[in-house]
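For reference, the chains in residue letters:
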Amino acid sequence: MIDTDSDAPLLRVDGVSRYFGERPACLDVSFDLWPGEVMGVVGESGSGKTTLLNCLSGRLRPDGGRILYGTRHQGAVDLYALGEAERRLLMRTDWGMVHQNPRDGLRMAVSAGANIGERLMAVGARHYGNIRQEAVDWLSRVEIDDARIDDLPRAFSGGMQQRLQIARNLVTKPRLVFMDEPTGGLDVSVQARLLDLLRGLVSRLDLSVVIVTHDLAVVRLLAHRLMVMRHGRVVETGLTDQVLDDPQHPYTQLLVSSVLQA
Amino acid sequence: MSNLAIDAVGLGKSFHLHTQGDVEIDVFRGLAFQVRFGECVALHGPSGCGKSTLLRALYANYKVGEGNIKVRHRDDWVDMAAAEPRAILAVRRLTMGYVSQFLRVIPRVATLDIVAEPLRLRGIDEVAAVREASRMLARLNVPERLWRLAPATFSGGEQQRVNIARGFIADFPILLLDEPTAALDPVNRAIVAEMILEQKAAGKAIVGIFHDAEVRARVCDRIFEIEPFKVAA
Numbered sequence: 001m002i003d004t005d006s007d008a009p010l011l012r013v014d015g016v017s018r019y020f021g022e023r024p025a026c027l028d029v030s031f032d033l034w035p036g037e038v039m040g041v042v043g044e045s046g047s048g049k050t051t052l053l054n055c056l057s058g059r060l061r062p063d064g065g066r067i068l069y070g071t072r073h074q075g076a077v078d079l080y081a082l083g084e085a086e087r088r089l090l091m092r093t094d095w096g097m098v099h100q101n102p103r104d105g106l107r108m109a110v111s112a113g114a115n116i117g118e119r120l121m122a123v124g125a126r127h128y129g130n131i132r133q134e135a136v137d138w139l140s141r142v143e144i145d146d147a148r149i150d151d152l153p154r155a156f157s158g159g160m161q162q163r164l165q166i167a168r169n170l171v172t173k174p175r176l177v178f179m180d181e182p183t184g185g186l187d188v189s190v191q192a193r194l195l196d197l198l199r200g201l202v203s204r205l206d207l208s209v210v211i212v213t214h215d216l217a218v219v220r221l222l223a224h225r226l227m228v229m230r231h232g233r234v235v236e237t238g239l240t241d242q243v244l245d246d247p248q249h250p251y252t253q254l255l256v257s258s259v260l261q262a
Numbered sequence: 001m002s003n004l005a006i007d008a009v010g011l012g013k014s015f016h017l018h019t020q021g022d023v024e025i026d027v028f029r030g031l032a033f034q035v036r037f038g039e040c041v042a043l044h045g046p047s048g049c050g051k052s053t054l055l056r057a058l059y060a061n062y063k064v065g066e067g068n069i070k071v072r073h074r075d076d077w078v079d080m081a082a083a084e085p086r087a088i089l090a091v092r093r094l095t096m097g098y099v100s101q102f103l104r105v106i107p108r109v110a111t112l113d114i115v116a117e118p119l120r121l122r123g124i125d126e127v128a129a130v131r132e133a134s135r136m137l138a139r140l141n142v143p144e145r146l147w148r149l150a151p152a153t154f155s156g157g158e159q160q161r162v163n164i165a166r167g168f169i170a171d172f173p174i175l176l177l178d179e180p181t182a183a184l185d186p187v188n189r190a191i192v193a194e195m196i197l198e199q200k201a202a203g204k205a206i207v208g209i210f211h212d213a214e215v216r217a218r219v220c221d222r223i224f225e226i227e228p229f230k231v232a233a
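Top line first, the protein sequences correspond to chains A and D.
For the first sequence, position 33 matches number 33 in this note's numbering, and the numbering has no gaps at all.
For the second sequence, position 159 matches number 159 in this note's numbering, and the numbering has no gaps at all.
Okay, chain D solo, but in the shape it has when bound (with noise of 0.2 Å):
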């Protein structure tokens, strides 16, 4: 298939807690997970199955013991559960965006620089990306009269929505969204659903959790089940 995005093959997941008592918790194994550049998926499940393990494994966030996440990079893939922490960030930079639950708040930088860093990052110039993050922080109806603050005495929601305006700003050809509009009003959160469906539609591939039924339905081409994990009889 020349169309994947993300191909991931035999995913094995635990934790070793050793300052609690040497505790093994195991999360997922021999998981294989395929995503191709214009459709949404939705990892899906109970609580504790590990959605968001999953959905940070694919980012390296999250460390795998097992198997390989290979990921659609320029004319290459990389392998994100192998790969030079080099590499990742170039992968991170040009390729992969993750919209988080919650935003990390940076002590003094302004909403607008959160927002338009990942194109900075890229090396495209001051003025060009603080043009493109205004134009995402007023579709997601951030009031501008935030935009020059720190987002540490924002609600929310509109901590929300500035995470979400930091994920898209980039056109990144893959996106990871965890509980994107979890936080958002249905004004918004319709307005978040569209943004979902212009990516696809553009062609990016989309990996998400979604709680609320209807956003899931509205952008999600297909659900992937995880299984709990079950210990071998």
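In isolation and in its complexed conformation, chain A is listed as follows (with noise of 0.2 Å):
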């Protein structure tokens, strides 16, 4: 649920700028996101939609622009003022990292419940016995059978590995969660699962959420605003419905119109 009461964004995003050598990768883009909103950013390969994420999420710092965070007890702080150490922090207390391929956030030699339980480690907890029982509650909240815990993440199906990312994600109880084409590699009916699920913690939990993807359908699902990327540069931006159902940039129509409908 947004909340509306609130008077700071949780995240500014100011005139963020990334360069590849001379190419703008992505240019002067600027958003407020509030707690508990979702914002998606859709656009074709080589959009820089994921050069922003990358930015955003404090994995690649930008040529121009500041991106402020609104932390719990020190109010907002400039991500990229931080020392590396700080940002780190953030990072593995606050914030999440969905990747589209769970190999990139899970640790595969692992097993599931190691993979839960060290991100609790890594914010402190220490009785074995709480965070055993924490990662058993998380694999059913992802729909994983609390039989597989001692399986390592290899022996499960593309599914599965990314709901365990998720719950590895979401156990240190974040407030801001980065998505990377979530649903990307996997089959229809799993993506279908997946989304459900995602949905349903999303608003539970409350968390706040930017989601990169080149699926449309996921967006309509998931996010209360799109931004719609294109040569690096925001073309459109507002609520998704409206975005969607009432483009009004040339190239979003054309995204719109190119979907094949079942």
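Treat the hints as calculated values from the structure; they're not laboratory data.
Please note that the accuracy of each hint is not assured.
[Claimed, not checked] Chain A is nowhere near these chain D residues, computed Cβ spacing over 12 Å in every case:
| id | residue |
| --- | --- |
| 1 | G48 |
| 2 | T53 |
| 3 | E144 |
[Said to hold, decoys possible] Pair by pair, the computed Cβ-Cβ distance ranges are:
| id | chain 1 | residue 1 | chain 2 | residue 2 | range |
| --- | --- | --- | --- | --- | --- |
| 4 | D | H211 | A | F20 | 35 to 41 Å |
| 5 | A | G184 | D | L4 | 30 to 36 Å |
| 6 | D | E66 | A | G184 | 15 to 21 Å |
| 7 | D | E24 | A | R61 | 42 to 48 Å |
| 8 | D | R131 | A | R107 | 32 to 38 Å |
| 9 | A | R23 | D | R131 | 40 to 46 Å |
| 10 | D | D185 | A | V136 | 46 to 52 Å |
| 11 | A | A85 | D | E24 | 55 to 61 Å |
| 12 | A | R61 | D | P107 | 55 to 61 Å |
Positions of the beta carbon are idealized from the N, C-alpha and C atoms, including for glycine.
Hints given; two lone chains; assemble the complex.
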């Protein structure tokens, strides 16, 4: 649920640009993300959406602009004015990152339970029984049988791996989660289940989310707002259903009209 | 007028179809439209005159090019033509419901949960939300054996009733209805008409497109005629 009474955005993105050589990968992107809000970023490959996500999530220093994050205790901080250690701490405690490929977000050589428990230990949990109980609890929340807790992720299907990655991210109760094509590599039937799960978790945990995808059906279901990118620039932005049902920019119109109806 | 629910002035809407030969379709211009609490207004006019477009614009599903759409939201006014997304979403959560012609089905989500969702989004607890959803579905004669299923395989009439249940459950002060009875049999049509009358009696503002003349005559206080757009000579 969006908190309309809060008077400060959680994330304030102000004129962010990033170049690769001479070529701008994303150019002068600005927006505010409010607590509980889900922002979708769509565009085709090469539009700059993943570069933007990497800048926002503390992984890639922008060449221009600022990213302000409203911390729990210190108010708004400039993400890239923080020291490396502070930024890492923020990413570990307050944020989550769901990668398209679960292998990028999971540790494949340790058990499912340890994948979840490790994140808890990183924020200070020490009691083994509690950590294991929390892992069992989270497995069930992402619809994985807790009998699989000691199995390695590589023994899981793609859909299960993705759900495990989500559990690993959410167990530390982040306030802001970045998602990069979270349903990208999955079969359609598995996608539907994952989307429904994400939708429920996002609203129940009151998460703020920035989700990058090229799949308009995904943002229709998950995102409150939409940003359409092309050649590194934001060409259109607004309420998700308004952008999809009444697109204004020629590129958005092309994008929406190119979706095949099943 | 203190009793106004919607106060729209100077509305202009056109569609610029960039990908289809740059065609510009003008739908309406200079349109003024008001609705008071406790009344039901039917949008009327020939097919293609912009009834659905106006209804969608009121909900900010379509973007108007000109004008303001002020909507009474709690003790305030929100301009649906200009407000920030989160302000519009707050209006949709608390003030204004929209019943579309067709249900947008979410894969895997059960009928009961689809209907209960508007209450849940307002922070009403699970048990109470589901209880109210059951009551709505029962009233609309949706068979109980369907409640736990996702409505993808339901008939058109059943889907429409799920949609109506979802639209009416949250007791919105303002309701927008796009042909709410189109796919219904006479019995269910009468039930929906009764539900609209109850909402009106409870002081809600209702705007609708009603193809069915009988239903329209029964529930509507007045008709808002949309003139087909004329190109200036």
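Tell me the numbers of any earlier hints that the structure contravenes, in ascending order.
2, 4, 5, 6, 8, 9 and 12
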